[in-house]
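Once you've looked at the hints, dock chain B against the given chain A.
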Amino acid sequence: MTDTHHRVPAATEQESAVRTMTMAGAINAGLRAAMERDPKVLLMGEDVGQLGGVFRVTDGLHKDFGGDRVIDTPLAESGIVGTSIGMAMRGYRPVVEIQFDGFIFPAFNQITTQLAKMHYRSHGSIQLPVVIRVPFAGNIGAIEHHSESIEALFAHTAGLRICSPATPQDAFDMIQQSIFAPDPVIFLEPKARYWDKGDVDTDAVRTRLDAAAATADIGRARVARPGTDVTVVAYGPTVRTALQVADVAAGEGTSVEVVDLRSISPLDAATVIRSAKRTGRVIVVHEAPTAHGVGAELAARIGEEAFFHLKAPVMRVGGFHMPYPPSKFEHEYLPNLDRVLDAVDRVMAH
Amino acid sequence: MGPLSDDGLVQLLDVDGTRVADPDWEPYASHLTPEALRVFWRLMTLTRTFDAEATSLQRQGELGLWVSCLGQEGAQIGSGTAIREPDYVFPSYREHGVALTRNVDLPQMLTLFRGLEHGSWDPAKHSFHLYTLVIGAHTLHATGYAIAMDKDGLVGSGSPENDGAVICYFGDGATSQGDVNESFVFAAVNNAPLVFFVQNNQFAISEPTTRQSRVTLAQRADGFGIPRVRVDGNDVIAVHAVTQWALRHARSGQGPVLIEAFTYRMAAHTTSDDATRYRTRAEEEKWRQRDPIDRLEKHLQQLGQLPDEFRTAVEAEAKALGKRTRETVKAWERPPLLSMFDHVYAEPHAQVEAERAWFDRYQQSFIDEGSHA
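Keeping their order, the protein sequence lines are chains A and B. Here the first sequence stands for residues 453 to 802, where the numbers follow our numbering. Here the second sequence stands for residues 328 to 700, where the numbers follow our numbering.
Accuracy of the hints is not assured; some may be wrong.
Claimed, not checked - Calculated from the model, a selection of chain B residues having no Cβ within reach of chain A, i.e. all distances over 10 angstroms: (1) 359; (2) 509; (3) 672.
As the list claims (entries may be wrong) - Using 20 angstroms as the maximum straight-line C-alpha spacing, the simulated PhoX-like pairs for lysine-lysine come out as follows: (4) B:478 - A:515; (5) B:478 - A:492; (6) B:657 - B:646; (7) A:763 - A:729.
What the hints assert, rightly or not - Here are the computed distance ranges between Cβ atoms for each label pair: (8) A:752 - B:604: 35 to 41 angstroms; (9) A:790 - B:479: 54 to 60 angstroms; (10) B:692 - A:743: 32 to 38 angstroms.
These aren't lab readings, by the way, just hints derived from the structure by calculation. This one's a predicted model, so the numbers in the text were calculated from it and none came from an experiment. Glycine included, each C-beta is placed from N, C-alpha and C at the ideal position.
In isolation and in its complexed conformation, chain A is listed as follows (with noise of 0.2 angstroms):
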């Protein structure tokens, strides 16, 4: 920071430290600088390495690092997390990379009962600060299994903290946070949105790192847009949908507040039931399917919490109560904007 007054030519971008880049640009950025920050850091999995992974998120740190640090693994996802938890045992802060959602199911068994519990019942006594990064949900025309929305089924797993960035200033900021979390993260990267850009301040995190508890951020929630006639709580790839069903909506007079969760374990209903309050009408929106998801225990809460104020019922706009279907299906499948827009008019029609 102090020496950036002395590169004279570019000491005003230098300051600033903001940059455009992609949300997989970003991931990366932030890898590196957690690599850079703890020698402890390691990344692991299938095509990490020298490929730079199937999305190119570990571009070049494999010849940055060194393949001790960026480590490619057998293909076998149980091994991946369970060797992971045995180096966290020792120190190290594995980010491990699952290649795609549907294929994290054979390391379901390690997440569930084996890194999510080991500090319950260790008495604290063994931290496991691993990182599983996803790139998950759908819609970029993909074949089976490479489009699943697994949140919920981690979600429901005490132990584990699961989070998902929806811009790439979060995507560099919230991987580092989850690299130095002293638990556990699930860090599910939506992958449509690997290639959105935005602007990125690289300064900002650092010194939230410096600071006691800077991890805990990772579990806020935060109003993307103001709005006061209806809420919509979206996050990871929904959040831009639910940013253009504002924009429509807006256009047609109605005013929607976008709540991006962020977080999923823990999840900031706080911040989701003041907004409840103050607009009376809320649509979930994610991918997964509806039935049994973060939508119905979000409902459930601001039921309980904040009854008297809703002018409407809580809305899920999500998957159906099926595998993920066919890509050519998949738009439809998915909460699409008119089908995010046609539950806004329904809670309006209250």
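Showing chain B alone in chain A's frame:
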């Protein structure tokens, strides 16, 4: 050679207690003085006494469940005594004898089985990880831990006295698990300093090893490029020798080893199991003749190295351990209820905190009502 075959086992002490000459393995047992063998006998005896006491406590309703290691004391004490600092142990859930060699307080282990907590000891203090009930899951933790030891420069450092390795225990049934096979892959390609120690006690609950494998469990290692050795698991001296070799091999940076200790679980799988449904008294009797403690006892007597005063002292120690086990278990009280919310996360988590606060208020409401009465 079938999976139940006892051909090709390393043996240094036969069932009559007579030493067997084996020039390959003798160097790894030559340091065992009569005094060291008496220590083995003592540790096996204490393990057995504790095990019997825990079984009784379960029968009296004091424990929810007990997993006996009766008959496997040779495999456990033989291997456990080959472990040293800075080695690290990943047990399954039946390694009470190994725990004893790691100075874990045996009565204290029973909090898990009493239903008071999920983990009873500080793993780092004893270099002995918590028991893992999901079969084979810990083999991957052991592999990652071993890879990390290597990264930390604790392996093949050039000064063998400082080198370390990991030893991981699991049973015959576990070898069918995906995680165990994945751990073989990860350990092999990373040349991890890891000794896989299979206690083949011949049953996965009721299923014999023939329902798990067509080859000996040791042979499983071949496909992964892992050296293996098959040992008479009821011969504490041979187990000690092969484990010495395997740990030295791993510590020196030569990679993983698989040991199959061929033994027999004399008790049922757990206190919930009925072993009479799937095996015969004749078979049990055959294995009783191969008892690891009796065998070493005969040997020590042949040597004239089991003096009455030593035997009496160990018997007294065992009796005291049994008494202390009973008294410890019965004296336990449930910790404060709110403590069940502790340690779910390392940092506060909104859901846990909210539920803890709610439950506290709920509990408090009964106390308040009581005070009005």
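Now for the hints, and whether the structure bears them out:
no., hint, in the structure
1, 359, "holds, 32 angstroms"
2, 509, "violated, 4 angstroms"
3, 672, "violated, 5 angstroms"
4, B:478 - A:515, "holds, 19 angstroms"
5, B:478 - A:492, "holds, 10 angstroms"
6, B:657 - B:646, "holds, 17 angstroms"
7, A:763 - A:729, "holds, 10 angstroms"
8, A:752 - B:604: 35 to 41 angstroms, "violated, 47 angstroms"
9, A:790 - B:479: 54 to 60 angstroms, "holds, 56 angstroms"
10, B:692 - A:743: 32 to 38 angstroms, "holds, 35 angstroms"
Checked against the numbered hints above, the structure violates hints 2, 3, 8; every other hint is satisfied.
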